Amino acid sequence: MPRFTESEVVTAYKTGLQIESVTEYMYSTYYPTIRELCRRLEGNVQDCEDLFQETLLIFIELVQAGRYNPHGSATLKTYLYSIARNVWSGRWKRSVRQQNWEKNFADTFYPEQDTIDLYINQMTAMQMLNQLGEPCRTIISRYYIEGFSLDEIARELDLNEPTVRQRKFRCLKKLRDML
Amino acid sequence: MTSDNDMNEMDQIEAYLAGRLAPAERQQVEEKIQSDSGFSKKVESMRQVTQLLRRADIQQRTQVTLQNLYRQRRQRSRRLTYWYGSGLTTLAACLAFAFYLAFTDVHLPVIEDDLLIVRGREMEERALTSEQSAYGSLLAGQQALKQGNYLKATNYLEKTLRFTDLRPYYREAAQWYLVLAYLYSDQPRRAEGYYQQLQTTDQPQYVVNSIDRWKVYVQIQRQKLL
Chain A
1 MPRFTESEVV TAYKTGLQIE SVTEYMYSTY YPTIRELCRR LEGNVQDCED LFQETLLIFI
61 ELVQAGRYNP HGSATLKTYL YSIARNVWSG RWKRSVRQQN WEKNFADTFY PEQDTIDLYI
121 NQMTAMQMLN QLGEPCRTII SRYYIEGFSL DEIARELDLN EPTVRQRKFR CLKKLRDML
Chain B
1 MTSDNDMNEM DQIEAYLAGR LAPAERQQVE EKIQSDSGFS KKVESMRQVT QLLRRADIQQ
61 RTQVTLQNLY RQRRQRSRRL TYWYGSGLTT LAACLAFAFY LAFTDVHLPV IEDDLLIVRG
121 REMEERALTS EQSAYGSLLA GQQALKQGNY LKATNYLEKT LRFTDLRPYY REAAQWYLVL
181 AYLYSDQPRR AEGYYQQLQT TDQPQYVVNS IDRWKVYVQI QRQKLL
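Protein sequence lines, in the order shown, are assigned to chains A and B.
Counted the way full-length UniProt numbering counts, the first sequence spans residues 1 to 179.
Counted the way full-length UniProt numbering counts, the second sequence spans residues 1 to 226.
In short, the hints are calculated from the structure, not lab data.
Note that the coordinates shown come from a computational prediction; the quantities given were computed from them, not determined experimentally.
One or more hints might be untrue.
Unchecked claim - Here are some chain A residues the structure puts well away from chain B; computed CB gaps all over 10 Å:
#1 Glu6
#2 Glu8
#3 Glu20
#4 Leu57
#5 Ile120
#6 Ala125
#7 Pro135
#8 Gln166
To be verified - Every beta carbon over 12 Å from chain A, so not counted as near; a handful from chain B, in silico:
#9 Gln27
#10 Lys32
#11 Ser37
#12 Leu52
#13 Asp57
#14 Ile58
#15 Asn68
#16 Tyr70
#17 Arg74
#18 Ala92
#19 Leu95
#20 Lys159
#21 Arg167
#22 Glu192
#23 Gln205
#24 Gln223
Unchecked claim - Lysine-lysine pairs mimicking BS3-like chemistry, simulated, CA-CA at most 25 Å apart:
#25 A:Lys173 / B:Lys152
#26 A:Lys173 / B:Lys32
#27 B:Lys152 / B:Lys41
#28 A:Lys174 / B:Lys42
#29 B:Lys224 / A:Lys173
Note that beta-carbon positions come from the ideal geometry of N, C-alpha and C, so glycine has one too.
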């Protein structure tokens, strides 16, 4: 499996290139840390998987917003750890006891806290898209993300093309309102 | 109801943001952005939507990759559990079998009640109970073994084997009992000597089943080790 520098990880999550390889790298490199945290917080396997996934999705939001600096004081590991800890306590409202070993890198851990806090209670882009409900979610994902034509979507949803075009317009409006 | 004009305008903004407009049309849109604040807001909000969809795309691909990785890990873990489970079960079964062989009693077949213990038609004249006869000493050896008097047992059984014209069936039976007598009296090497003789016998007459043969072998080895 290829290795990536922190800058390469950031570039991949910004541009959308090599997402699969970078995600595999992130999983093999950082999942053990998050799982360790999750176990110390008495989470089960499912909790740990969900925690890592949510951490990564929030990390992507931060990268896309230019909030993460790969040359900053916090290493990627510390940063992800910090997000995970905040997801656990802030988003999931589950109890957290400070771990002894956290004190060792508290100096790099806390300066990033404010930035992370901003994003912890916001929905990720994917959650917003899911929030749209059906058939908006399907129409918007198929058209804008997967690159289907209106005709193909119309056939999938058993509708005619003008109707799909009109619905797409309304769904976009709904999404703009959510923003 | 959504008007066609609104939708056309949205399509135009989308095409503009995607860089799909011809230069002239692109210039028209840029001029409209400058002059029409309402239109400019629509472009900006559409730009935000485009960015959101781009993030959603990246996040969706990340999530799909992670779900695949989780599934692979679970499959690996299930396979490992299966192999560990099978390995442990097999090991436990082997240990139980080894324990059974090493510590349970050996059961030799009942000796046929035949007075013609020595070759030929010469009937043993002496009484069956007489310890002087081959049959008598074999029975006495067997009895002593049952009672746990192994020294006595080995004496009687050795004596039985001194009858040169002993029929093979009884010779082998006496040897097997002697193996047990030596084994139980903590003389594994002697037991092993008779055991090896019995193992090399062609077409044995006194047939001891395989499990009991294994038990004898394992118990001899166990005693040798200890």
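Quick rundown of the hints versus the structure:
1. Distance check on Glu6 of chain A: its Cβ is at least 17 Å (rounded) from any Cβ of chain B, clearing the 10 Å threshold; non-interface status holds.
2. Distance check for Glu8 of chain A against chain B: the nearest CB is about 15 Å away, which clears 10 Å, and the non-interface claim stands.
3. Distance to chain B contradicts Glu20 of chain A as a non-interface residue, since its nearest Cβ pair spans about 5 Å, not more than 10 Å.
4. Separation of Leu57 of chain A from chain B is inadequate, the least Cβ-Cβ distance of about 5 Å not exceeding the 10 Å criterion.
5. The claim that Ile120 of chain A is not at the interface with chain B holds, since no C-beta of that chain comes within 10 Å of its own (minimum 16 Å).
6. Ala125 of chain A, annotated as away from the interface, has a beta carbon of chain B within 10 Å; the closest lies near 4 Å.
7. Residue-level check passed: Pro135 of chain A sits 16 Å from the nearest beta carbon of chain B, beyond 10 Å.
8. With a least beta-carbon separation of about 5 Å from chain B, Gln166 of chain A fails to lie farther than 10 Å from that chain, contradicting its non-interface assignment.
9. With a minimum CB-CB distance of about 25 Å to chain A, Gln27 of chain B clears the 12 Å threshold, and the non-interface call stands.
10. With a least beta-carbon separation of about 18 Å from chain A, Lys32 of chain B lies farther than 12 Å from that chain, consistent with its non-interface assignment.
11. Against chain A, the non-interface label of Ser37 of chain B holds: every CB pair exceeds 12 Å, the least being about 16 Å.
12. With a least beta-carbon separation of about 5 Å from chain A, Leu52 of chain B fails to lie farther than 12 Å from that chain, contradicting its non-interface assignment.
13. Some Cβ of chain A comes within 12 Å of the Cβ of Asp57 of chain B; the nearest lies about 4 Å off, and the non-interface call is violated.
14. The claim that Ile58 of chain B lies off the interface is violated: its Cβ sits roughly 5 Å from the closest Cβ of chain A, which falls inside the 12 Å cut-off.
15. With a cut of 12 Å on Cβ distances, Asn68 of chain B falls inside the contact zone with chain A, its closest approach being about 9 Å.
16. At roughly 5 Å, the least C-beta separation between Tyr70 of chain B and chain A is not larger than 12 Å, which violates its mark as non-interface.
17. Non-interface status of Arg74 of chain B relative to chain A is broken: a Cβ of that chain comes within 12 Å, the nearest being about 9 Å off.
18. Taking the minimum C-beta to C-beta distance to chain A, about 27 Å, the non-interface status of Ala92 of chain B holds against the 12 Å cut.
19. Its beta-carbon lying about 32 Å from the closest one in chain A, Leu95 of chain B satisfies the requirement of being farther than 12 Å from that chain.
20. A cut-off of 12 Å between C-beta atoms confirms that Lys159 of chain B is not in contact with chain A; the least separation is 72 Å.
21. Arg167 of chain B, annotated as away from the interface, keeps every beta carbon of chain A farther than 12 Å; the closest lies near 71 Å.
22. Look at Glu192 of chain B: its CB is around 55 Å from the nearest CB on chain A, clear of 12 Å, so calling it non-interface holds up.
23. Distance check for Gln205 of chain B against chain A: the nearest CB is about 64 Å away, which clears 12 Å, and the non-interface claim stands.
24. Taking the minimum C-beta to C-beta distance to chain A, about 50 Å, the non-interface status of Gln223 of chain B holds against the 12 Å cut.
25. With a C-alpha separation of about 106 Å, the suggested pair Lys173 of chain A and Lys152 of chain B falls outside the 25 Å cut-off, and the hint is violated.
26. Among the hinted pairs, Lys173 of chain A with Lys32 of chain B is consistent with the structure: their alpha-carbon atoms are about 21 Å apart, no more than 25 Å.
27. For the proposed pair Lys152 of chain B and Lys41 of chain B, the alpha carbon gap of about 113 Å is over 25 Å, so the pair is violated.
28. For the suggested pair Lys174 of chain A and Lys42 of chain B, the alpha carbons sit about 13 Å apart, so the restraint of at most 25 Å is met.
29. For a cut-off of 25 Å, the pair hint linking Lys224 of chain B to Lys173 of chain A is broken: about 89 Å separates their Cα positions.
Hint check: violations occur at hints 3, 4, 6, 8, 12, 13, 14, 15, 16, 17, 25, 27 and 29; the rest are consistent with the structure.
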